[in-house]
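Novice: So the chains spell out like this:
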Amino acid sequence: MDYAKNMMDKLSIEQAKIELLNTAYANDRTAIARLDPRTLFLWYAFFGIAPWFIHNTIILAGLLAFTVTTTIMTKVSRLILLILILGLLGQGGYLLIASLFFGGDLAVLQPLLLLTVKLAVISLASITVFCSMSPEKLSIGLLSIGVPGQVSFSISYGYRMLPVLLEEYNHVFMCYRLRGKAPEKKGLLYWRMAAYFVKLSVISFYPLLLSTAKRARTTVEALETKGSKNAFTNPAVKKLKLSSLRMGGQDYFFLAISFTFITALFLLGHYY
Amino acid sequence: MQTVKERYTLTQSQKMMVFILSMSLYGLSNMITELVPSVYVGPVEFSIEYFAFIPLTLCILFHPLYAAIGASLGEVIFGELMLGQFGGFGELEKFISFSLAMYIAGIMVTDPKNRQQVGMAALSGVIIHQLISMMVDIGKVWIGVDDFETLPGLAESVVVVEGFAFFNDVLFSGILFALIPTLYFVPRLYGKIEPLLGMKPRTRENTHSTRGILRPKLVIAAVLLAFAAFGFEFLSETDLNIFEWEAPFAEQLETNLIWISIGVAAVLSLSILFAIISRNKKAKDRIAHE
Amino acid sequence: MNNVIDVQNVTFTYPGETRPSLRNMSFSVQKGEFLAVIGGNGSGKSTLCKLFNGLIPHYYTGDFEGSVIVNGLQAADSSVADLSSHVGYVYQDFENQLVQARVLEDAAFAPLHFGFPDYEERARQALSLVELDQCEDEFIWQLSGGQKHLLALAGCLSLQPDILVLDEPIAQLDPHHARKMYKILETLNKQHGKTIIVIEHHTEFIADYCSSVLLVDEGKAVWKKPVKEALTAVDELTKRGIYPPQVTQAARELGLGGMLPVTLEEADEYFKALFLEKRAPLENKPNEIEGEPAARFENAEFFYKTINRTVTPVLKDITVTFYKGEKVALVGNNGAGKSTLLRLLTGFRKPAGGSVSVLGQTTAGLTPEQLADKVTYIYQNPEQMFIEDSVRKDVEFFLKARRIKDFESRVDRILEQFHLTDLQHKDSRLMSGGQQRRASLAIGAAMNPAIILLDEPTANLDIATRKQLTGFIDQLKEHTELVMIATHDMQLVSEWATRVIVMHEGGIIYDGSKEELFSNMFLMKKAGLVPPQIVELSHRLGLFPAAYSIDSFINLYREAESWITQKI
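Chains as they are written, first to last, in the numbering used here: chain A, 1 to 272; chain B, 273 to 562; chain C, 563 to 1130.
Since no wrong hints were added, every one of them can be taken at face value.
Pulled from the structure, derived: some chain B residues nowhere near chain A, Cβ distances all over 12 angstroms:
hint: 1; residue: Lys385
hint: 2; residue: Asn386
hint: 3; residue: Gly391
hint: 4; residue: Leu395
hint: 5; residue: Ser396
hint: 6; residue: Leu403
hint: 7; residue: Met407
hint: 8; residue: Phe439
hint: 9; residue: Lys472
Okay, the calculated bits of chain C under chain A, using three or more residues with CB under 8 angstroms as the criterion:
hint: 10; segment: 615-627
hint: 11; segment: 692-704
hint: 12; segment: 929-937
hint: 13; segment: 945-951
Keep in mind the hints are simulated off the structure, nothing from the lab.
Please read these numbers as outputs of a predicted model, since none were measured by experiment.
Positions of the beta carbon are idealized from the N, C-alpha and C atoms, including for glycine.
Isolated chain A, as found in the complex (with noise of 0.2 angstroms):
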């Protein structure tokens, strides 16, 4: 617990920022990147569908050796790899112990490291498409595909709102630590100090209920004036937003290959 409290301790708002930012476009120069979301979301329709039809050891395998090349292509953290895989070891291991424990051979092995297999490239194909797109980008492709406008205007709202947010919620946070008493004895594990940090990291959202809730006044407010009451459904607005899509060569070529290998890696399961 000493761990975390150092964290929270540690854990300034401006390195939180820092932090955000760079998640969020830190990947946005690759090649993949520069690709328009629509070719990325029609690419991703089938690689975060398909695996999970697909009982072919061949197609499988050179699916998740194409999703490997385009994840390495989008630069992606290795923070983020790193949780993927220990979540996917982590599931098959799970239910590798708990069949065996039922009766079951090490036959399950292999069928369970086909479904770990699909379920990452599946990972893989999502990883290669949202993170090489910019939040803006994003809301654009979502709303290209038919998405709602609110969903387009919250994306770029949360970005506006979440540093305010993060910052009030620390200065409750500190409030009640500064103003409260820990309680003196640590107990088992650091128990009593784990569940004193607990109840106030929920009982800060009290004061910030109430003080969001009055920002959320002024901004539905201030969103009325400036003409969004019906332009979310407005055909004519949408048409702006989305003026400026293009498909260009990069993308029909990148369309094309991934056909092709697709076509290719099909006929050469079905053969061999």
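Chains B and C: place on chain A using the hints.
Specialist: Below, chains B and C without anything else, positioned relative to chain A:
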């Protein structure tokens, strides 16, 4: 007299306020819970899964639909997108199940001052959400693993692993982060937060006028039926593909069938949501015209 | 007829309230006017401004009577969106008016959602009008408070409205940015022909920039007059808790007759003849309070990382000692390092180099919790101090957590002292600005610390409330040994401090008495300080040491007068 009656329902902008409020706060809480490490004692996970009390409180105090959808969107934006963990289609499933669960919890409460009702709603919200998540997770392995049925021990282990996670989450998150905080927050905020948004607090009377038509029990029954339908669809379709395993182009066929079943399930749950929305609207129109 | 706004017999009651907020209000505004709306708290100023873009009666569905015509449109029959292209409205809590992540995106939000194809061009134009064109691609969180306010203005300007309404445009700004805001408004008014309406209680700014004044009281328009006439109606204003410019007050106090001055230039002319004698310079008195040290900085340094991962120094080699019994004011422009200095004392931040000690213990080895028993920090925004649902619970939180005996009687006493006894069961968030400040002071006092730190305690308050608050700040000394205030409010400094520390670019450039500081115009300029108007007047008149309050100015004047009469 029209103005007086209108005040009992929420205007479009008030709904937007509830939406923004729910999105920002639940989003923030999600970012915090994502960053707090979890503690494992053996297979039992002591982690802060989510601060469900935020959407629960807001669903109970305000318009449940907008609070529920706002919270789900907040989770996607703050908890996934901003942390670089946006999962594409996986988010859609979470979005629908969480909104649905929170919404149902919201409409279960007719009187926010009734602690028993609030407590029941809070627990049900979490249970419904975890139930759907469990079913989806089991479903994923089911679809994902070839000849799932024939492998000894796998089916049991999937059910046990997921079932264990279900009870873990319901007992831990459900009680510590939904039931207790919601019981603490709702009475404290009731009557205090509504004027800040320029609304009147929900009372039994105005609940009756806007929600009575919905009949919570009916909605719950409908939703349970929908889940059952969802589950049966999956079962029957997967059975089917075992029968036709030897058929040529099995893969192709299987794909189609499962697509159809997913489609049916999605249409079902969406149409229920829409039915609820339009009923709400109709109810409001009726009140406005009276 | 050149009226752009015509308000006729408007009465409005908010839903759920019995008393109308506006009663039979009538007035008009002409094209090209720069109108200041003044009035005490709760007089209906803000409500009035919500009439112009139709938020009342469309958004606030209360009981509305009368007619409002804006640019020829009947407000009751036009939608908020339609009226918004005629009237731009900047809120007092403008932060919440910014709804997008980046600067250009936010400025373009309104024209985009109105469906103008040239929305980006409009946004760029608006940004250049408020001189923000350099920060197009920045995130809003990277902007300073002043820049955010300008961005909120740009968001309105992008719709190219003829009328701009601003609710207390400088309440949250430091003096430098306040001046900049008004300069920009002046340009918009004079060069771009915009009609501007501000709610303002800084009468010195009204005198410098506005052309006419509307006085509002209890929901009624009392009068509308040209600025000079309005600000010299001293009695009518002070009766309602509005203070005319210091020079006007001084001239009025002296009862010299003639047309009272309202601006510095006028006052210069007015008083020039009266102060011919120059006085001998005062000896520089070194700061002589040398009691027990309460806090000490030794070569303290602090850095922080910026977005592009470079390191910016915030405090450079600070060595200073604060003694028990002092009342220290920490001044300097934004970014000079005031807040960081205070934060080092609370232990929220630890110095990167050197050491900071509180009551003889270095902060490096103490957690913020341990320091909290000795040092209390009172936030600029009092709402951030409120964690409970009533004033009383907030005040007793600290004592209760420590299970202090008889805390109830102590809480009673503190509530009494800060005039909160009647309000004790109210939710602090629902109180007025002045009451909230008092509550935050009471919370600090109840913690019974050795040191109390206040961050901008008078920001956002109108002058009358601010005067009252100074008295309450003074009462803090009963509960503590050292009070330090970081502030831009030189009037507060002049009335309260015994020692002034001037910070500039992370270092201390002055440490001494307020009299000496106010006599040093060069130093004040360098540190970006804007002294009270009466100090500036003293400098113009060549008075030394400069008078720092109206009273001391009057005393100086009376002395000068007696000298002159003696000579005759």
